[in-house]
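Spelled out, the chains give:
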Amino acid sequence: MSHPKCLHPELSDGIWSPPLDVADLATRLEAEGVTPAVARAKHGFADVWAMAEAWFPKLQAVPSPRKKDPAPQRKWPEYLRGMSFGLPLLLSCVAMLWLHFSLWGGNLPTETATAVGAGSITSFVLTGGFVQVMARRGLFYLGTKQFERCWRSTWFWVRACFLTNLCFVLLFTMVNLYFGWLPNPLGPVAMSFCVCLGVYWLATGILYMLDQYLLVSVSSLLGISAVVALHTAFGVELLPAQLIAILFASCLAFLMAAAVLKKRALGVRSVQIDGPVNRQFSMLWPYFAYGTLYYFFLFSDRLLAWTAHTNTASLVLAFRGEYELASFIGLLAFILQAGWVHLATARFYKNVRLNQASINVYDRGTFNRNMLRFYAWQAGVFFPAALLVSVSIYTCARMLHVFPGELVDHVAAWALAGYPFLVFGLWNVSLLFGLSRSSCALQAIASACCANLVTGYLASRLGGYELAVSGFTCGAIVFAVVAGRHCVETFRRLDYYYLAAAI
Amino acid sequence: MLLTSDGTYPCYQGGVSVWCDQLVHQLSAVEYHLFAISYSPSHPPLFDLPPNVISSRILPLWGTDQPGDLIGPEQDHTVRIPATSAIVRDLFVEPFRTFLCSLGLHSSPESLATSLVRLHELLLVYDYLSVMKSDILWDVFCECTREVIPDTRMMLEDCTQSMRWLQRYLALLCINYPRTDVTHSSMSCMAGVPGVLQKFRYQTPFLLSEHGIYLRELYLSISRMECSDACKRFLYNLNSSIVRMNYHYADLVTSLCDFNSRWQIRFGVDRSRIAVIPNGIDAERFYPGPPRNESSPVVLTMARIYPLKGIIHLIHAARLVLNRIPSVRFRIFGDVADTAYYKECSEAVSKLGLSHAVEFGRTDDSARAYREADVFCLPSVSEAMPFSVLEAMFSGCPVVASEVGGIPEMIEGVGVLVTPGDEQDLASALISLLDGEQGQRRRHRIASLALSRARLRYVQGQCSSKFEEIYREFSARHVTSEVSTSRVVRRHMVAAP
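Sequence lines, in order, name chains A and B.
Following numbering that gives the first Met the number 0, the numbering of the first sequence begins with 0 at its first residue and continues without gaps.
Following numbering that gives the first Met the number 0, the numbering of the second sequence begins with 0 at its first residue and continues without gaps.
Because the hints were derived from the structure by calculation, they are not lab data.
Treat the hints with caution; some may be incorrect.
Subject to a maximum C-alpha distance of 27 Å in a straight line, what follows is the list of computed BS3-like cross-link-like pairs (lysine-lysine) [to be verified]:
hint: 1; chain 1: B; residue 1: K342; chain 2: A; residue 2: K262
hint: 2; chain 1: B; residue 1: K342; chain 2: A; residue 2: K4
hint: 3; chain 1: B; residue 1: K350; chain 2: A; residue 2: K262
hint: 4; chain 1: A; residue 1: K41; chain 2: A; residue 2: K4
hint: 5; chain 1: A; residue 1: K57; chain 2: A; residue 2: K4
hint: 6; chain 1: B; residue 1: K465; chain 2: B; residue 2: K198
hint: 7; chain 1: A; residue 1: K144; chain 2: A; residue 2: K349
hint: 8; chain 1: A; residue 1: K4; chain 2: B; residue 2: K350
hint: 9; chain 1: A; residue 1: K57; chain 2: A; residue 2: K41
hint: 10; chain 1: A; residue 1: K74; chain 2: A; residue 2: K349
hint: 11; chain 1: A; residue 1: K144; chain 2: A; residue 2: K4
hint: 12; chain 1: A; residue 1: K261; chain 2: B; residue 2: K342
hint: 13; chain 1: B; residue 1: K198; chain 2: A; residue 2: K144
hint: 14; chain 1: A; residue 1: K349; chain 2: B; residue 2: K132
hint: 15; chain 1: A; residue 1: K144; chain 2: B; residue 2: K342
hint: 16; chain 1: A; residue 1: K144; chain 2: A; residue 2: K262
Where chain B lies over chain A, by a calculated footprint (3+ residues, C-beta under 8 Å) [said to hold, decoys possible]:
hint: 17; stretch: 31-43
hint: 18; stretch: 91-105
hint: 19; stretch: 145-155
hint: 20; stretch: 356-366
Listing some non-contacts, in silico: residues in chain B with all C-beta distances to chain A over 12 Å [as the list claims (entries may be wrong)]:
hint: 21; residue: E30
hint: 22; residue: R145
hint: 23; residue: P177
hint: 24; residue: G438
hint: 25; residue: Q439
hint: 26; residue: G460
Small disclaimer: the values here were computed from a predicted structure and weren't measured.
Quick reminder that beta carbons are idealized off the backbone N, C-alpha and C, glycines included.
Taking the hints into account, I'd like the entire structure generated from these sequences.
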């Protein structure tokens, strides 16, 4: 006579758990077709309840199957995944070195380069906040499988950002007409790049949100190819070719993002219903402010360098090609070091889960101490490795005679010294955001901006323009210190913050 | 009336939703306030609410930015006072601790209800999020786990998960429910909580209608959950304590069938407070069609696609049936309620080579679908009193169904009962009705017997008129001796620093 499967844990498909009580076992028996008649005729019990009562003690003694350990984390794939975030940047650097132009920028007359640079920087600062908020909302909806809401929310932020950019362009054009900062055609050039690149950042922002890092690189590569085709094969001027290619790459990125999102949303019932607007605003503004300030931080040293000692220049801004070259070299270190952020963040969550699963609730202090040790260990491993990367890049560049002069050498050295701190700060900020401590992240970037501006301004005005880079390094150190301090504070009560992050 | 639901009306399809919809439409003279718990804000109402539903509030448990966000035009915009640490410590710790200690299996429903009412009163004044996000309540929760689950080792992970659930579930305490003559809960557990709260606040009579048995379904779903034993135990203790509290405070518990009332009695409901009121069907919509004489007999299943409906067993049985009668076609109509399960079923169809014979879909004309079927089959592993079986009986469609819940009471002698999960038994039953002239004769005989029984016992109108009677009786004896919330809250506020 065969017994129901619920009486034989070994026959279940791995998710067996002992019955909670007799009623639970009776329910399981009924679900397997043990009616009172079956209990009597086949199993010799008065009814299902009698059968459950007889079997319950035996099953209680059987332990639940041990939970499978999570698959071991592979270091290199995680690292490369993190690094792929910077792949479009790398493509851009390679194109610049090989073709002498990229999706934007290139060997241009100083005044034109200034306009393009100003437009690019403005696009980053204007879209940074929107992309942060869009990603924050989108990731929440993706995590809760509300794909239609994700779709609608994303387009809402794209539209909002695009309109903001247009308003800015209008305002700038009017002000520029009065003050004449960028005379024709430089003003329109700067604003064209601002709008087009803004659209591109939004499109790639959606792909990053959807975890499609490689598609970002694909769009970037196709964009650069379009510039090559238009400029080299069809003889279109470089600037129009770049603008067309940026819009082409943006369309591609939007289409790819739409396809990915639509595919995920297939068959999922959904409707647009959002919470109260005031709550949304209070929840999202730190992310917006962080996104804007982060890009402001990244470019403020350049702006300081471009505006220092411009007495003899025809414009209030003067593009500094050597400073830009040095920044490119620094970016190489950033790309290599940024892979670690992804790896260390993945490890953090894995460690949290492992520790949470193995530590008794009455021993929360041990959990917090373990995670603090993990944090210290990660920091201890990262800094020497990151410094090694920076030093290696600097040494290689010197050996290969990449530095055309002392100025580039100095700026690159300062930038390379600053990037490990920036990357470490970014890791801390990603943890703080993950634990819903957005105000701490905001405080860190705001402090960094202040340090950058004050130091960079003083140094570039008292010394050469190239000393603006010291602002970046100083700001990166402040960023790392402030974010790190908040992280340590958070880790001291990580059990609570980990819980609170979900609410 | 305050009509409450959880995971059913008006956002989801299913028996309870159909029942609620029938009730509010048929009792058009009754004014309803609707309070529904849904799973996600992305699940909009599927049913058109009649004009006598004068307000509706939907509380999504998951998927909102923060717990307690309501959706729909009736959002609760009341601004609550943010709770400081001192307020949480002085006002919330004690009732929260009492609440947790009342989740033990042997604790009293009175202490659970008192603590919930106290928290409810406070949460009408103080902001829910600032209270539930407090580290003080987290510390209390961790300290109390021994009381909640005395015999299970609780890891930090289990505690975190359990507290996250609680933060979501308790959001229903911050809603200011309208004062009505009766609270009618369409199921027990969370949907029944407003009934208890209103009973304490305004002495409002509490009517509890159970369709399935909540705890039975909870057992089945918990046993399949992929989480630790401690989490399962916590979830069970939380839900079962609330169900017992519902049973304790309900003035009347209605059940669809004797099978369910037996379970309710086992879970502590007094026999005298149980009334069996079966579902009813619109006989003008569901009626037999002309005799069918198709070369490809059709087996119809009307059920949402999720594990309790046993669709996978039907697919395996279909293979056996087709081996004997290759011309049979299987139509499985219903919304996909569990995408993973649907995928499993679709894969089984392909793997067993049944793509030509098994069709998944949905229909807006279910009455026609029954008339165009030769056999109706419901292979569920758990049921109460499924509408689909009644509709098939009214439509003259012979029924093959699992011997679970109230199904035997409905079709014993006028349909074919099979052992749940037994694919061989299910296939034999289907073959016996589909094979040759003998099968056809048998089909006609049981369909005619089922139709007679259905017209006698399950006509629509019988069900709603019984509820109308209960409403009238409860309203008449509703004494409005309100326990003043504002007084209690004022007392708390004076005590606060």
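For the pair supplied as a hint, K4(A) and K350(B), confirm whether the alpha-carbon distance does not exceed 27 Å.
Holds: K4(A) and K350(B) sit about 24 Å apart, inside 27 Å.
Please verify the coverage claim for the stretch 356-366 of chain A: does it have three or more residues whose C-beta sits within 8 Å of some C-beta in chain B?
Per the Cβ count (9), the hint holds.
Measuring Cβ to Cβ, find out whether E30(B) lies farther than 12 Å from everything in chain A.
Given a closest Cβ separation of 25 Å, the condition holds.
K41(A) and K4(A) were given as a pair; does the straight-line alpha-carbon distance stay at or below 27 Å?
Holds. K41(A) to K4(A) sits at ~15 Å (cutoff 27 Å).
Grab the minimum beta-carbon distance between G438(B) and chain A and tell me whether it stays above 12 Å.
At about 24 Å from chain A, G438(B) clears the 12 Å cut-off, so the statement holds.
12 Å Cβ clearance of Q439(B) from chain A:
Label holds. Min Cβ-Cβ 28 Å, cutoff 12 Å.
What's the verdict on K342(B) and K262(A), does the C-alpha distance respect the 27 Å limit or exceed it?
Holds, because 16 Å separates the two Cα atoms, which is no more than 27 Å.
Given the hint that K350(B) pairs with K262(A), test it: the Cα-Cα distance must not exceed 27 Å.
holds (25 Å)
Mind checking, does the stretch 91-105 of chain A have 3 or more residues with a CB under 8 Å from chain B?
violated (count 0)
Between K198(B) and K144(A), is the straight-line Cα distance small enough, at 27 Å or below?
violated (37 Å)
Taken at face value, is the distance from the CA of K262(A) to the CA of K144(A) at most 27 Å?
Given that 27 Å is the threshold and the Cα spacing comes to 12 Å, the pair holds.
Would the hint linking K144(A) and K349(A) be met if the CA-CA limit is 27 Å?
Between K144(A) and K349(A) the Cα gap is close to 22 Å, so the pair holds against 27 Å.
Checked against the numbered hints given earlier, this structure breaks hints 11, 13, 18, 22; the rest are met.
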